[in-house]
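*Asks:* Take the sequence shown: its position 214, counted from the start at 1, is 214 in my numbering, and no numbers get skipped.
The list that follows gives simulated cross-link-like pairs (lysine-lysine, DSBU-like), each with its CA atoms no further than 35 Å apart:
1) Lys-130 <-> Lys-272
2) Lys-144 <-> Lys-261
3) Lys-52 <-> Lys-74
4) Lys-275 <-> Lys-261
5) Lys-298 <-> Lys-144
6) Lys-144 <-> Lys-251
7) Lys-206 <-> Lys-52
8) Lys-63 <-> Lys-130
9) Lys-298 <-> Lys-272
10) Lys-91 <-> Lys-74
11) Lys-63 <-> Lys-74
12) Lys-261 <-> Lys-298
13) Lys-284 <-> Lys-298
14) Lys-284 <-> Lys-261
15) Lys-144 <-> Lys-284
16) Lys-251 <-> Lys-284
17) Lys-275 <-> Lys-130
18) Lys-275 <-> Lys-132
19) Lys-132 <-> Lys-251
20) Lys-73 <-> Lys-298
21) Lys-91 <-> Lys-52
22) Lys-73 <-> Lys-63
23) Lys-272 <-> Lys-132
24) Lys-298 <-> Lys-130
25) Lys-251 <-> Lys-275
26) Lys-63 <-> Lys-52
27) Lys-272 <-> Lys-251
28) Lys-63 <-> Lys-132
29) Lys-144 <-> Lys-272
30) Lys-132 <-> Lys-144
Label pairs and their calculated CB-CB ranges:
31) Asp-68 <-> Glu-210: 28 to 38 Å
32) His-155 <-> Asp-77: 56 to 66 Å
33) Leu-160 <-> Glu-314: 52 to 62 Å
34) Glu-183 <-> Gly-265: 33 to 43 Å
35) Met-47 <-> Gly-16: 39 to 49 Å
36) Gly-277 <-> Asp-26: 32 to 42 Å
Because the hints were derived from the structure by calculation, they are not lab data. Cβ atoms here follow ideal geometry from the backbone N, Cα and C, with glycine treated the same way.
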Amino acid sequence: MGAHVIDSLLFQDLFGTERMREIFSDQNMVQKWLDVEASLARVQSEMGIIPKEAAEEIIRKAKAELMDFTEMKKQVDITGHPIVPLLRCLKDVCENNAGEYSHWGATTQDIMDTGMILQVREAYGEIYPKTKQLHSILCGLARKYRDLTMVGRTHGQHALPITLGYKIAVWVAELGRNIERLEQCSERLFMGQFSGAVGTIASLGKDGLEVQRRLLTDLGLAVPPISWHASRDTVAEYVSVLGLLSSTLGKMANEVITLQKTECGELEEPFKMGKVGSSTMPHKRNPMYSEGVVSLSKIIRSTVPLAIESMVTEH
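Produce the complete structure using the sequences and hints provided.
*Replies:* Now the structure itself:
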């Protein structure tokens, strides 16, 4: 039973998708942490820092399905720490004490930050192409309805004639700018983290920067110019861009709601077989999907100031 609509069996698909729930599940989060640990072991064995046999065993056993999540939960409650319980579980499943060589030279935030970016990159792989697809659909609608005359309004009042194609073209332009923002911020966002305690990579000596470069290259991430342990600006920027994108989508949905009012009747959501407008008024055709988009856009926008607040850190 879910305590929130996102977890609710009845309502979760109105507020998210199965794929997004998979991406941000505990199972996938832990797998991403293990992916970083496995890649680190591989790189360090290639450089002769840890034994090859130990690295091979770590890579074999770095699978979320092999981890005891119940035990990890107990350990998190006891230790108050997210990664140490994972490392203990990994060591338990590795043979010949190979797990002792995991996490060599790393710190918790290296694993968590890089794992988070791997999750966010997967989510971006859902968001970006769907946004591009919507942009393409809207371009087609703008062309299709370029000659369909409708009322243009200012301050909510009738002003001068426009066309529906023109209105949609305005949406197209705004959505296009958001696509550009997604592309631009992704160049700064998909950057890994491997800097060790306090960000100096001192524990690996002269090998530190090369381990960092090989590790992040192996994971398909950019190498940062310096540690970002205490910097959250790239994450805050991405959340801000998502806030802008969701606001554009919310604006479009709100237009549909407004123009579907009985007094206007200019636009209308598709009303498929089986959809119900009201439990007591059978004539109702409510813009439920558009209302859902508006609600979601408000939720996403509300996270923007929280993301920016996360930038204020110490040391």
